[in-house]
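*Asks:* Next come the chains, spelled out residue by residue.
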Amino acid sequence: MAVAKGAPARGALLSIKIPRGRGSSLALYIAKRILWLVPVLLFVITITFFMAHLAPGSPWDKAGGRQLSAPVVANLNLKYGLDAPLWVQYVKYLGNVAHLDFGLSYQYQNQTVSSILLESWPITATNGALAFLLIVPVGIGLGVIAALRQNTWVDFAVGGFSTFGASVPNLIIGILLIIVFSVGAYRVTGGNVFLPTGGFGLDDHLIMPVITLAVLPIAFIARLTRSSTLDVLRQDYIRTAWAKGLRERLVVMKHVLKNSLIPVVTALGPTFAFLVTGSVIVESVFAIPGIGRTFVTAVQSRDYPLILATTILFALVVALANLVVDLLYVVIDPRVRLS
Amino acid sequence: MAAPAVALEQIDWENPEQIGLWKDAWQRFRRNPVAVVGLVVIGLLVLIALIAPLLVAIGMVKDPLHQDVAHSYLGFSLQHPLGTDYLGRDLLGRVMYGARISLSLGILVQFVYLLIGGVIGLTAGYFGGKIDNLLMRFVDIWYAFPDLLFILVVVSILGSSLTTLFLALGIVGWVDLARLIRGQTLSIKEKEFVEGARAAGSSPLKIILKHLLPNTLGPIIVSLTFGIPRVIFLEAVLSYLGVGIRPPTPSWGVMLQDGYQAIFAYPHQVFVPAVAIAITMLSFSFIGDGLRDALDPRMRR
Amino acid sequence: MAAPLLRIEDLRTQFFTSRGIVRAVDGVSFHINKGETVAIVGESGSGKTMTAFSILRLVPDPGRIVSGKILFKDRDVVTMDNEEVRDYRGNDVAMIFQDPMTSMNPVTKVGTQIDEAMTAHERFSVKEAAARVVPLLKQVRIPAAEQRVKDYPHQFSGGMRQRAMIAMGLSNEPELLIADEPTTALDVTVQAQIIQLLKTLNREVGAAIILITHNMALVASMCQRVIVMYAGRIVEEGPVEQIFESPQHPYTWSLLRSVPRIDVARSERLVSIKGLPPDLMRLPPGCKFHPRCRFKVERCEREEPPLAEVAADQDARCWVLMRNVPEEKREETKAAEVSKQAAAELKQADQGTKPG
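Residue numbers (the numbering used here), protein chains in the order written: chain A, 873 to 1211; chain B, 14 to 314; chain C, 857 to 1212.
Where hints are given, some of them may not hold.
Claimed, not checked - Computed cross-link-like contacts, SDA-like style, restricted to lysine to any residue with a CA-CA straight-line distance of at most 20 Å:
1) K1006/C / V1203/A
2) K965/C / V1203/A
3) K1152/C / D1169/C
4) K965/C / A1159/A
5) K1126/A / Y1008/C
6) K1126/A / T968/C
None of these hints come from the bench; they were simulated from the model.
With the hints as constraints, model all of the structure from the sequences given.
*Replies:* The following block contains the structure:
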């Protein structure tokens, strides 16, 4: 974990002391951080696995909407290896996961979990990546402008938007967007929706989901950028920069932003967690066949192999994002020591 | 001469000066119009939640569970101020009863946060060393993992009921409190009077607890205030996804789902609970922001 | 007679706060000649730092220069447009600040920060500027300057950072360098080195220096002239030796009394100025110093004295003047002060031993 002197230590996951020389120590640091992912994932898998298998009831309780006969259940248990003792199943599952084999889905009985994930992942990733591309410039831009124009109407507008975006949940925002841009448009034009309410496509299908996904993180980033920029503007070294006779653009770009964006970069990790959570909600509201929706249907039908695999995938995404953010932090702040 | 600076840690809770601190905070809070609006809205909402059964009993509001399929999907009228849903149930009554569920769940879950966060934070801070390290790493993993996913998994496994919902919501969301309490415990432990207590043979834990509360009460209140809308949101999402509160219980999430089915034909059906959720969450945010500014004037911008 | 380098006429800088107007600088006039070293002294809140910020037009919000002239080589800084002011800052007049720990950008290399001070102006080409960084660091006695240019500020010690700040200030060969409490944040041995460095540079480079300080010992060791400020105005001004020999304003007298002197016996030590600096929002009528003055007469409470010549080259703003205060009376008040202070110390020591 990269921790700046005096900066709040955000989760010291690793405490290896590495001297300040970069290069090989950085590679070592990355290697150790990636190794650290293994226990984290193991933790997630173990908890989810045992919760799923020790829970009362069986996955076949709801299959087909009626009670299955005992021989059928026995057959299904055999097919999915549910007849073996739990710890054997656990070890076997871990072995399979190591080979990227996540087994068969309960719900779609002829599909492997891997194939389902491979199908839905690109959809979620597309929406998430577009949202991310929207979040970073808009969030930072709004925050910086608000700080530079503190106590003007621009600042108040950004403040209002941030409060709204941070408090009104994306579920509600998605629904309100549909009411305005689809239902409203449908009523006004007498039968044409302005923006489609569901499904996935590389066209106007992307607009409402991406906006819905991005509002909360934008509000979050804008707030953070504003307060950290205001903080930096008050610093002595900014006064030094003005006293040297630097041009405003240089003062803002080089001296203000270079410092005020450091805490913002560290906050990009949680942004990924927002996006993951957001995908679950947004894909349900807009009927998008991505991982988030797959996860929800898996939860609704107790499709444990699918639940386990999506959970692992989400955990991996969040952990990797945090790793990248920490490395970025090391790159942009010379005071940071890898420790 | 200026009064000697008093370290925050040395302020006596029973001391009237300390009361002055809170009075001060209240003064600052009152001067924040947005926060006051939030407080008034939530006050009204709590009142509505409390008297909703009474209003139904005296017939001012229709029974939220009474079905009347002949009068389904009604618009706004005197009879049904917010209209009726697909089973002809009164939407005003349902929103009011939904407030009961959202608010009580939101507030009750905060006690679970306080309990878990308090125990973990105190243990980590008090024992320090290896235990602290282990617990904090655990907290980090917990923090990094999106809580909605975890709740969904728990609810899917345990089945959905109010109790499971309560449990599932309670075991996430305590991380901030754990960190807060750990940090304070660590810093109080360093103080001389704790050493003194140890030397005098009395329990340092007692001393720490005695000093912990006054010093952390402000941040804890702020954290809990922001926790309530979070829980209200999670309930809505879970119920909307069909794994939270079960119909016919009138919760806002259930109403969202019911209304969403008919969004094209009758958009007001989903609009009503959506607005109720949005207003409630905004109001809690206003109060939380106001409290934070009032309790920590240095944070004001 | 040659025109002065900097001439300030009736400068007023005020802060418009929600609680009222703070008159930080309230009608200040003085001049600085080429190559001269002048000290501005006073307690915190006396307006000395805001005077310096006004000279560079760096007064922070919600402050503003309300009226007056700041003539640098006959150009008025107050009425310059933004681009003119920008080119004037760091080029004609440079400033170094109190705390070298916070005055440098933590995420930019020291060399780059010196380099950009030059490239912001036209005096040196980009190439010349780059080539000047190492010699500048050497000039301020930074060891291994060739390697140090690539370091970040946190890799420098406090004293070295202040040297680097001085190098930055001198990079454009300004004719005036303002040093705002340049040694307050440093320890004593480093302080002496920095003052020595400033003196040498003044001699070698010929830049005039305004030293802002509350430390009279520093004034004596490096300045030719001293300006004493109180409550946003000048209360006394004159050559350092003359003022130290015969201060005429009671405030200056008290300031000088509060300097620890090795050559004076312990019984006669430190007399601190009683009372607090005045609230700049609610200034007293008459002489602004009268509530704290030991020698005040009735007129002081009514009417503010003008800054008038009291000796050759020496001005003071006082109705009484120290030369009119009999020696016994000064000693009396001093003795009273000393015994009062001793009593206070005793009381403090007594409290310290009480079981807490």
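*Asks:* For each hint, tell me whether it holds in the structure or not.
*Replies:* Hint check results:
| no. | hint | in the structure |
| --- | --- | --- |
| 1 | K1006/C / V1203/A | 16 Å, holds |
| 2 | K965/C / V1203/A | 14 Å, holds |
| 3 | K1152/C / D1169/C | 24 Å, violated |
| 4 | K965/C / A1159/A | 51 Å, violated |
| 5 | K1126/A / Y1008/C | 15 Å, holds |
| 6 | K1126/A / T968/C | 11 Å, holds |
The earlier numbered hints that this structure contradicts are 3, 4.
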